[in-house]
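Residue numbers (our numbering), protein chains in the order written: chain A, 2 to 115; chain B, 5 to 115.
Simulated from the structure, these hints should not be mistaken for lab results.
Built from N, CA and C at the ideal position, the CB exists for glycine as well.
Certain hints may be false.
[Claimed, not checked] Mimicking BS3-like on lysine-lysine, the simulated pairs with C-alpha atoms at most 25 Å apart in a straight line are:
1. K75(B) <-> K10(A)
2. K102(B) <-> K68(A)
3. K42(A) <-> K75(B)
4. K45(A) <-> K72(B)
5. K60(B) <-> K9(B)
6. K72(B) <-> K37(A)
7. K37(A) <-> K102(B)
8. K60(B) <-> K41(A)
9. K102(B) <-> K42(A)
10. K10(A) <-> K72(A)
11. K102(B) <-> K41(A)
12. K41(B) <-> K41(A)
13. K9(B) <-> K45(A)
14. K20(A) <-> K53(A)
[Unchecked claim] Chain A stretches covered by chain B per the calculated footprint, using a threshold of three residues with CB under 8 Å from any CB of chain B:
15. 38-45
16. 61-72
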Amino acid sequence: DTAVSQTPKYLVTQMGNDKSIKCEQNLGHDTMYWYKQDSKKFLKIMFSYNNKELIINETVPNRFSPKSPDKAHLNLHINSLELGDSAVYFCASSRPLQGSREQYFGPGTRLTVT
Amino acid sequence: DQQVKQNSPSLSVQEGRISILNCDYTNSMFDYFLWYKKYPAEGPTFLISISSIKDKNEDGRFTVFLNKSAKHLSLHIVPSQPGDSAVYFCAAITQGGKLIFGQGTELSVKP
Chain A
2 DTAVSQTPKY LVTQMGNDKS IKCEQNLGHD TMYWYKQDSK KFLKIMFSYN NKELIINETV
62 PNRFSPKSPD KAHLNLHINS LELGDSAVYF CASSRPLQGS REQYFGPGTR LTVT
Chain B
5 DQQVKQNSPS LSVQEGRISI LNCDYTNSMF DYFLWYKKYP AEGPTFLISI SSIKDKNEDG
65 RFTVFLNKSA KHLSLHIVPS QPGDSAVYFC AAITQGGKLI FGQGTELSVK P
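In isolation and in its complexed conformation, chain A is listed as follows (with noise of 0.2 Å):
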């Protein structure tokens, strides 16, 4: 009954790889997100769909790419990993045309390069 869902939970690989983490919400929310966790434990938005549609883009390295397969879903792909990209990844999905604003997270995904 997992709300928000991503896998893998841990992603260990190289630098330079392509690498990608998926995302399921089953709300029927119709807007979803990407944030990051660094290592200083901030939390930042990287990206947010609304309905398939990309709205919220920040200036994130384009080796980051969403994928939104359906309002469901929300997959997020890195090309040419790099050490920096070290983070845990969060999703997060909403209702905001509803008027709900809160957001609800998966677990998140801690990836690792080396």
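Fit chain B to the supplied structure of chain A, relying on the hints for placement.
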């Protein structure tokens, strides 16, 4: 350029007493604020929110106070319980729907 600040990285409180977590913001255009609780290896969990048209919102043991003139909000937990030990994040929502988080305050409630 941090628009939401939590200046106390940690707070230790005795079980049964009140926990007060503080948060300051700089952008007067923020109109909605939230508190999230986070356990290790889990995602942030929504706790309580407040609109800028209110100065107080209460939900059980949790109360959030907003002082717009001071650009300050606080989360009160009464009575504190050991299970409340976690990192608490204050956040504000921009007009465009972005959540801007503070750095977090680690609360430890001792039995």
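Hint-by-hint comparison with the structure:
The suggested pairing of K75(B) with K10(A) is violated, with an alpha-carbon distance near 37 Å, which exceeds 25 Å. A distance of roughly 19 Å separates the Cα atoms of K102(B) and K68(A); the hinted pair therefore holds under the 25 Å criterion. Distance hint between K42(A) and K75(B) is fulfilled; the C-alpha atoms sit about 23 Å from each other, no more than 25 Å. Only pairs whose Cα atoms come within 25 Å are accepted, and K45(A) paired with K72(B) is accepted, the gap being roughly 24 Å.
Distance hint between K60(B) and K9(B) is fulfilled; the C-alpha atoms sit about 20 Å from each other, no more than 25 Å. Restraint check: the Cα-Cα separation between K72(B) and K37(A) comes to about 29 Å, which exceeds 25 Å; the hinted pair is violated. At most 25 Å may separate the alpha-carbon atoms for a hinted pair to count; K37(A) and K102(B) meet this at roughly 13 Å. With a C-alpha separation of about 31 Å, the suggested pair K60(B) and K41(A) falls outside the 25 Å cut-off, and the hint is violated.
Between K102(B) and K42(A), the direct Cα distance comes to roughly 18 Å. Compliance with the 25 Å bound is thereby established for this hinted pair. For a cut-off of 25 Å, the pair hint linking K10(A) to K72(A) stands: about 22 Å separates their Cα positions. Using a Cα cut-off of 25 Å, the hinted pair K102(B) and K41(A) holds, with the two alpha carbons roughly 20 Å apart. A threshold of 25 Å between alpha carbons decides the hint, and for K41(B) with K41(A) the separation of about 17 Å falls inside it, so the pair holds.
As the CA atoms of K9(B) and K45(A) are separated by approximately 14 Å, the hinted pair is consistent with the 25 Å bound. Proposed proximity of K20(A) and K53(A) is supported: the alpha carbons are some 21 Å apart, at most 25 Å. Under a criterion of three residues with beta carbons nearer than 8 Å to beta carbons of chain B, the stated coverage of the segment 38-45 of chain A is upheld, 5 such residues being counted. Under a criterion of three residues with beta carbons nearer than 8 Å to beta carbons of chain B, the stated coverage of the segment 61-72 of chain A fails, only 0 such residues being counted.
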